[in-house]
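Asker: Please model the complete structure; the sequences and the hints are all you need to start from.
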Amino acid sequence: MKHLLSINDLNHESALEILNLALQMQQVNTRDIKKLPALNGRTVANLFFEDSTRTRISFELAAKRLSADVINFAAKGSSVSKGESLKDTVQTLEAMGVEALIVRHNHSGAVNTIANAEWSKASVINAGDGTHEHPTQALLDALTIRQRLVGSTDTGDLSGLRVLFVGDILHSRVARSNLLLLKLLGAKVSVSAPATLIPAGIHSLCENVFFDLDDALHQGFDVVMMLRIQSERMNSAFMPNSGEYSFGWGLGDSRFASLNPKTVIMHPGPMNRGLEISSRAADSEQSAILDQVTNGVAVRMAVLYKLLAQEQSNG
Amino acid sequence: MVDAVKVFRNATLSSGEVVDIAIQSQDILEVGKNLAVSGEDIDCTGLIALQGFVDLHTHLREPGFEASETILTGSRAAAKGGFTAVHAMANTAPVADTAAVVEQVHALGVAAGYVHVQPIGAVTKGLEGKQLADLLKMNKSRARVTVFSDDGKCVFDSLLMRRALEYVKAFDGVIAQHAQDPNLTVDAKMNESQLAFELGLTGWPSVAEEAIIARDVLLTEHVGSRLHICHVSTAGSVEIIRWAKARGIKVTAEVTPHHLLLTEDLVKDYNPVYKVNPPLRSQTDVLALRAAVADGTIDIIATDHAPHTADSKDCEWGQAAFGMIGLESALAVAQTTLVETGLVGWERIEQLLSTNPAAISGLDRHGKSLVANNPANLVFINPTAKTKVSDQSESKSSNNPYVGLELFGEIVHTVFEGRFTVKNKLVQELNND
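Chains as they are written, first to last, in my numbering: chain P, 595 to 909; chain X, 148 to 580.
Keep in mind the hints are simulated off the structure, nothing from the lab. Please read these numbers as outputs of a predicted model, since none were measured by experiment. Just to be clear, a hint being listed does not mean it is correct.
[Stated by the list, open to error] Straight line, CA to CA, 27 Å or less: simulated DSS-like cross-link-like pairs of lysine-lysine: (1) Lys460/X - Lys681/P; (2) Lys300/X - Lys397/X; (3) Lys316/X - Lys272/X; (4) Lys715/P - Lys415/X; (5) Lys900/P - Lys415/X; (6) Lys460/X - Lys596/P; (7) Lys287/X - Lys300/X; (8) Lys782/P - Lys415/X; (9) Lys460/X - Lys300/X; (10) Lys415/X - Lys596/P; (11) Lys715/P - Lys460/X; (12) Lys515/X - Lys397/X; (13) Lys596/P - Lys628/P; (14) Lys681/P - Lys415/X; (15) Lys570/X - Lys515/X; (16) Lys284/X - Lys397/X; (17) Lys777/P - Lys415/X.
Answerer: This is how it looks when you write it as structure tokens:
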């Protein structure tokens, strides 16, 4: 495995391998000296064509904890904003000897383009491409779910767990990667959203589609993952306004109160408090939102380790 | 001085009849068995002779986008594909919305000399969809424009579309509609489907095409005019056109070679060579389009040859230009998808690629049957050739989605106005005085 572009690049075995590597990385992250020499002397570039703070610093921290040298290349303020093409940017970094490109891009499939073109020999890690995928987010979500609901040091899969995604499925790369990964790991995934945000062909990718969130919650889920709703969706007639969205699909205080206390609440961040999730829900004991952030570093260390230390020494 | 006679010996007509075809100057001299005519003999045993092909939908890119194609390079690609006439789409820079521009395109076609280059005029000024272009002036110009299209953009305003349909009745013109509701296709990048969701690409739903076709056939009926639908791509569109024809509405429809062969599955690796508008659809759509070609619902095959520079395809999917080239492979795709599958015979192929498009446009020297005194515009095909499509092209661009595929049928000779433009598969260098 040279690249991680999509959850489709993984199978049951390699997905678990990454989660279990992440468990080991978590040990490192609890030490006083949080550093491994695994990628000493290797160069990794964060190539971000779209604004992101949390994912970028999570990857940066992960690479640094593995002792890699990290370059941050943000499109804003760089030559990309002056019209430099993706090809030129990638070839430039290749010429400087970068061995891994961690890429976030506003166009779906831009990471595939970089990996498939002959512009660069670097490993490509998808840090979120358009509305396509965000595989490391799905991996950190799976690890979080396993630790909360199966066991903190468990090494198995998620068989039988029931997960509900709520919100903008149509535009969510987090939802796409999660639908694929959670299914791969044996979980049963359902979705709930206004019909305008339910994509064509979703039925073959999940167990159930609920237009009505209360009907869904009534079924009882082990995990409820709230997705961020973008304000521009209001302008494209996907929904009337934010108040209507909260009314129908927000995890407000009363819906939160009606949940089984064992149901785990998750959100990939950044949250719109008061829109898709209330503060009471987000900050509750049931919320695993900060665990997701913590696990992000470990999962990204695991991915970097697998792609750069294991695979390249094997091959 | 009398021009030399050429005699094409033992060619098979679309009817299946094997004949000799003698031509002299720009016309057919005689057609029959064992002609006792002397001249240059060309052995055509095993070759099928058809009327020269007519493309109703070609982007030649000149003026304005000569880095992708010129009228000369596009004409050579057309000849290589067996065409003797092409219709140059109006979305150039400047837009072909005045007599001056269409006359210029026409003149450059004459200068190139490989095919008849028939300009298409824009329906609206600047393709902006706001105000009609100089339709009458373009019709009365030396370019004699009869087909008008904003192709690349839909004439979306219902009133403007109605007026355009009415206005061209004065000179028996036809509006060729690019059927795409722009509001339903904002930022659309591929067919709306499960795959589009998985790839995270905004979907281009079938209904965006079908709703416009439904509206426009009704408008055409209401004002008693003539409508042509460009690049029909969905099974639902076929149903609407079938209904309209049964009702007696004067509508014709085209399908592109790529929509007869390729499906959306090809998009999965985000290779922009497969990015085209309307998008590649499902296998169900492909089969419905083939059936519609066979039963007459779809009248013609038109290439929508859309050359683009390498840079505009060597990038991420979202940035890449829409379109693929298709002049050189049109016959092979048609034979592979329609003849080899047993759906149609060669007479229907001749209608689809020659008679019908020439009739829609009203060309007087193309699409005419191969009999004495008709124009010598012909193509000779080796139907048994099975060749792997190479990336070599007469076109200036290489956005060819068929590279590597094995297709049946090969153009051996093309004769335009009595002269070889392609002989033994080679494009000829013409000495134009």
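Asker: Decide, hint by hint, whether the structure agrees.
Answerer: Results for each hint:
Our distance criterion of 27 Å between C-alpha atoms is met by Lys460/X and Lys681/P, whose separation comes to about 11 Å. For the suggested pair Lys300/X and Lys397/X, the alpha carbons sit about 22 Å apart, so the restraint of at most 27 Å is met. For the proposed pair Lys316/X and Lys272/X, the alpha carbon gap of about 19 Å is at most 27 Å, so the pair holds. With a C-alpha separation of about 22 Å, the suggested pair Lys715/P and Lys415/X falls inside the 27 Å cut-off, and the hint holds.
As the CA atoms of Lys900/P and Lys415/X are separated by approximately 25 Å, the hinted pair is consistent with the 27 Å bound. Among the hinted pairs, Lys460/X with Lys596/P is consistent with the structure: their alpha-carbon atoms are about 25 Å apart, no more than 27 Å. Restraint check for Lys287/X and Lys300/X: satisfied, since their Cα atoms lie roughly 25 Å apart, inside the 27 Å limit. Proximity of Lys782/P to Lys415/X is assessed by CA-CA distance (about 25 Å); at most 27 Å being required, the pair is judged to hold.
As the CA atoms of Lys460/X and Lys300/X are separated by approximately 20 Å, the hinted pair is consistent with the 27 Å bound. With a C-alpha separation of about 19 Å, the suggested pairing of Lys415/X with Lys596/P holds against the 27 Å cut-off. At most 27 Å may separate the alpha-carbon atoms for a hinted pair to count; Lys715/P and Lys460/X meet this at roughly 20 Å. Proposed proximity of Lys515/X and Lys397/X is supported: the alpha carbons are some 22 Å apart, at most 27 Å.
Restraint check: the Cα-Cα separation between Lys596/P and Lys628/P comes to about 26 Å, which is no more than 27 Å; the hinted pair holds. Among the hinted pairs, Lys681/P with Lys415/X is consistent with the structure: their alpha-carbon atoms are about 20 Å apart, no more than 27 Å. About 21 Å separates the Cα atoms of Lys570/X and Lys515/X, which keeps this hinted pair within 27 Å; it holds. Restraint check: the Cα-Cα separation between Lys284/X and Lys397/X comes to about 24 Å, which is no more than 27 Å; the hinted pair holds.
At roughly 20 Å between alpha-carbon atoms, Lys777/P and Lys415/X fall within 27 Å of each other, so this suggested pair holds.
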